[in-house]
Amino acid sequence: MMILAVGHNHETAPVSVRERFAFSGENLPAALEGVRGCRSVTESVILSTCNRNEIYTVVEDPEVARADIAEFLHDFHQVERELLRDSLYHYEQEGAVEHLFGVTAGIDSMVVGETQVFGQVKDAYDAAHTSAATGPVLNRLFAASFEVGKRVRHRTRISEGAISVSSCAVDLARKIFTNLGDRSTLLIGAGDTTERTAAALLGQGVRRFVVANRTVERAAALADRLGGAGVPLERLPEALRQADIVVSSTAAPGYLLGAEDIKSLMQERRNAPLFVIDLSVPRDIDPATRHIHNVFLYNIDDLSAIAEDNRARRKGEISQAGDIITAEVSKFMAWLSSLAVAPTVVTLRESFETVRAAEFDRLRHKLPPETQERVEAFSRQLINKLLHNPSTEIKRSTRRGEDRYLSYAIRRLFKLDEPGDD
Amino acid sequence: MGSAAEIFNVALPSLYGLVTGIYLYRFLRDDRAPSRPARTALLATIGVHILAIVLHLGETGRFPLASGGEGLRFFALCTAIVYLYLEIRIRTPAMGPFIIGLAFVFQLAASVRPTPSVALPAVLESGWFAVHAGTAILSFSAFAIATAASTLYVLLYRELHRGRPGFIFRRIPSLEALDEMSLRAVRLGLMLLTIGIATGALWAKDAWGRYWSWDPKECTSLTIWLVYVAYLWVRTRGGWSGKRVAYFAMVGFALIVFTFVFVELVFHTEHRFVAS
Chain A
0 MMILAVGHNH ETAPVSVRER FAFSGENLPA ALEGVRGCRS VTESVILSTC
50 NRNEIYTVVE DPEVARADIA EFLHDFHQVE RELLRDSLYH YEQEGAVEHL
100 FGVTAGIDSM VVGETQVFGQ VKDAYDAAHT SAATGPVLNR LFAASFEVGK
150 RVRHRTRISE GAISVSSCAV DLARKIFTNL GDRSTLLIGA GDTTERTAAA
200 LLGQGVRRFV VANRTVERAA ALADRLGGAG VPLERLPEAL RQADIVVSST
250 AAPGYLLGAE DIKSLMQERR NAPLFVIDLS VPRDIDPATR HIHNVFLYNI
300 DDLSAIAEDN RARRKGEISQ AGDIITAEVS KFMAWLSSLA VAPTVVTLRE
350 SFETVRAAEF DRLRHKLPPE TQERVEAFSR QLINKLLHNP STEIKRSTRR
400 GEDRYLSYAI RRLFKLDEPG DD
Chain B
0 MGSAAEIFNV ALPSLYGLVT GIYLYRFLRD DRAPSRPART ALLATIGVHI
50 LAIVLHLGET GRFPLASGGE GLRFFALCTA IVYLYLEIRI RTPAMGPFII
100 GLAFVFQLAA SVRPTPSVAL PAVLESGWFA VHAGTAILSF SAFAIATAAS
150 TLYVLLYREL HRGRPGFIFR RIPSLEALDE MSLRAVRLGL MLLTIGIATG
200 ALWAKDAWGR YWSWDPKECT SLTIWLVYVA YLWVRTRGGW SGKRVAYFAM
250 VGFALIVFTF VFVELVFHTE HRFVAS
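Residue numbers (numbering that gives the first Met the number 0), protein chains in the order written: chain A, 0 to 421; chain B, 0 to 275.
Only chain A is shown next, with the shape it has when bound in the complex:
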């Protein structure tokens, strides 16, 4: 028995290839059925996201299974055999376990530390579980991978730090103002850039938006989407007075706001903090504004530099996440090897023997001395007879590749594992 992962990701296959292999919610049950039809496959989970398509299986013979899975993909997606050969990677046993743990923890993602993949792995597992495609091994494996994902997220800083310009802007806003809900935002320009930033702010609870734009119609249209008001650019000074956060991105050739404008604005607003995000190139706001007290000015380069820093910091956390993963892989592998036949038979015998000895001890002093020996011999014989069939059957199952399942069943039925082990 072996765990096998077959698939490709954003590093090994371009999107033009990945899209041809993608599984959707609709065809997933059929696909799971198809994988189950492959020879030697006993359990399966299909994980398909925009960055990866992977099939996790438990198989008896990895060579046979790989050939059949490739054949299945060929039939199911109508992809050429050469493409299959060139674009797929394979991981077996420990390699497959480690790979899944890395995927779930987000270190295999395009954006390191992203947490969306965790939910996607969970959905993939749930779908397979619902279709009864999983069994004890994959159940245990995926449960362990969710633990790893959570642990990595909590114990490392791999998911911390904004990595897009708009989320960086939001992070900064949250360090200036405690409650974004009672702050007003002025958007200068009604293009995609301001809208993206506004959407990020909206997501963090900002509710009051004013959009100032050269053409009022566009201002009003964006304002409608955000639930705010649109004003023409001429009314900018007035709109500024109400704002705590200013996001500017226009095509204006020069500065829309000079340092002197902001200085007098600050006097009017009694020096209350003002967060200014200038996403324009060329810039809309005089960079000298930066030096005014209680004005926090960030341009596109500042924000990109922060995002880049955060990306580097996340990558720096990979090795720490790797330590957690390594530890969990060996824990899982220990469990897996406990399912081997020989130790299971030994443990089963030991557990019977413990019960027998205990029961006999309780009985011993009630028996006349001359019968004690005979009763004990009888008890030994009894458990030997009882254990004979299970022992030979489980040994024979090795040849049929069912050994781990029988082991698993026996271990559960007779509670052979330490409490908390399962």
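One thing to keep in mind: the hints can contain errors.
Covered stretches of chain A, as calculated for chain B (at least 3 residues, CB under 8 Å) [claimed, not checked]: (1) 263 to 271; (2) 297 to 304.
Computed list of chain A residues with no C-beta within reach of chain B, every gap over 12 Å [unchecked claim]: (3) PHE71; (4) HIS76; (5) VAL78; (6) HIS128; (7) GLY160; (8) ASP170; (9) ALA172; (10) THR177; (11) GLU327; (12) MET332; (13) VAL344; (14) THR353; (15) PRO367.
Bear in mind the hints are in silico, worked out from the structure with no lab data behind them.
The beta carbon of each residue, even a glycine, is placed where N, CA and C say it ideally should be.
Following the hints, position chain B against chain A.
Same frame as chain A, but now just chain B:
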């Protein structure tokens, strides 16, 4: 004094030092480790400190507030308690290393200058004493916390203003939260100090026959009071905000340290009741 006092003389600074260390470790690592160990250690330390006071009370029959060292020690306890309340309120232990660190410094100072073991002058037997000294010291704790918040404010402000948020940015709450904490602590401190000065005056009238005698410590207390009244005034009426008020709070606290250390050492004062 008995050996219990000597044990506490070593144990209290050690405990406060340990708690500061735990908070500092957590602050530097910022590994999102649970804040529970630090808080538990702080609670235990406060417990030991209160036990020390109770034992002292049982042994000598008076509240340990008469000498400079005892004042420092009570100051450390007040700061720890006010901080604990604050940590639970604002849900971040990020200020711990600074505020508990301050309590630790005061503990250390108190142990280096041990409490003289002489009989109390009759003047300290009055009921006014506990209220007067207690509120005055509690007010200093509040000012200390305001100062810590203001210091962090300045650090965060500088990172944000320079456009390269980094170390501080990732560890502490927002500017607005720090500013508000500072303001609240100053309001509380000023209220307590007002009570402290007023009860002191009433008590002085009772004990010495006059409300105010321009004693050096009375003068500095009045200065502190004026500084923090001015702080509130520039904030509400003067249109000051941001970094400026934070600096203001820091300067105000420098004055308190001055009272405690310099005046105590240099001037002859009615507030130094116990000969050393």
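Results of checking the hints against the structure:
Counting residues of the stretch 263 to 271 of chain A whose beta carbon lies closer than 8 Å to any beta carbon of chain B gives 3, which meets the minimum of three for the stated coverage. Coverage of the stretch 297 to 304 of chain A by chain B holds. Counting CB-CB distances below 8 Å, 3 residues qualify, and the rule asks for three or more. Every Cβ of chain B is farther than 12 Å from the Cβ of PHE71 of chain A; the closest lies at roughly 43 Å, confirming the non-interface assignment. At the 12 Å boundary, the C-beta of HIS76 of chain A stays outside the reach of chain B, the nearest C-beta of that chain being 42 Å off.
For VAL78 of chain A, the condition that its CB be more than 12 Å from all CB atoms of chain B holds, with the nearest at approximately 44 Å. The non-interface label for HIS128 of chain A is consistent with chain B: the shortest C-beta to C-beta separation is roughly 31 Å, beyond 12 Å. At roughly 8 Å from the closest C-beta of chain B, the C-beta of GLY160 of chain A falls inside 12 Å, breaking its exclusion from the interface. The Cβ of ASP170 of chain A sits about 8 Å from the closest Cβ of chain B, inside the 12 Å cut-off, so the non-interface label is violated.
With a closest Cβ-Cβ approach of about 9 Å to chain B, ALA172 of chain A is found to fall inside the 12 Å limit, against its non-interface label. The beta carbon of THR177 of chain A is not kept farther than 12 Å from every beta carbon of chain B, the shortest such distance being approximately 4 Å. With 12 Å as the threshold on Cβ separation, the claim that GLU327 of chain A sits away from chain B holds: the shortest Cβ distance comes to roughly 18 Å. Taking the minimum C-beta to C-beta distance to chain B, about 27 Å, the non-interface status of MET332 of chain A holds against the 12 Å cut.
Once the 12 Å rule is applied to beta carbons, VAL344 of chain A is consistent with being away from chain B; the minimum gap is 44 Å. Its beta-carbon lying about 40 Å from the closest one in chain B, THR353 of chain A satisfies the requirement of being farther than 12 Å from that chain. No beta-carbon of chain B comes within 12 Å of the beta-carbon of PRO367 of chain A; the shortest separation is about 62 Å.
In summary, the structure is inconsistent with hints 7, 8, 9, 10 from the numbered list given earlier, while agreeing with the others.
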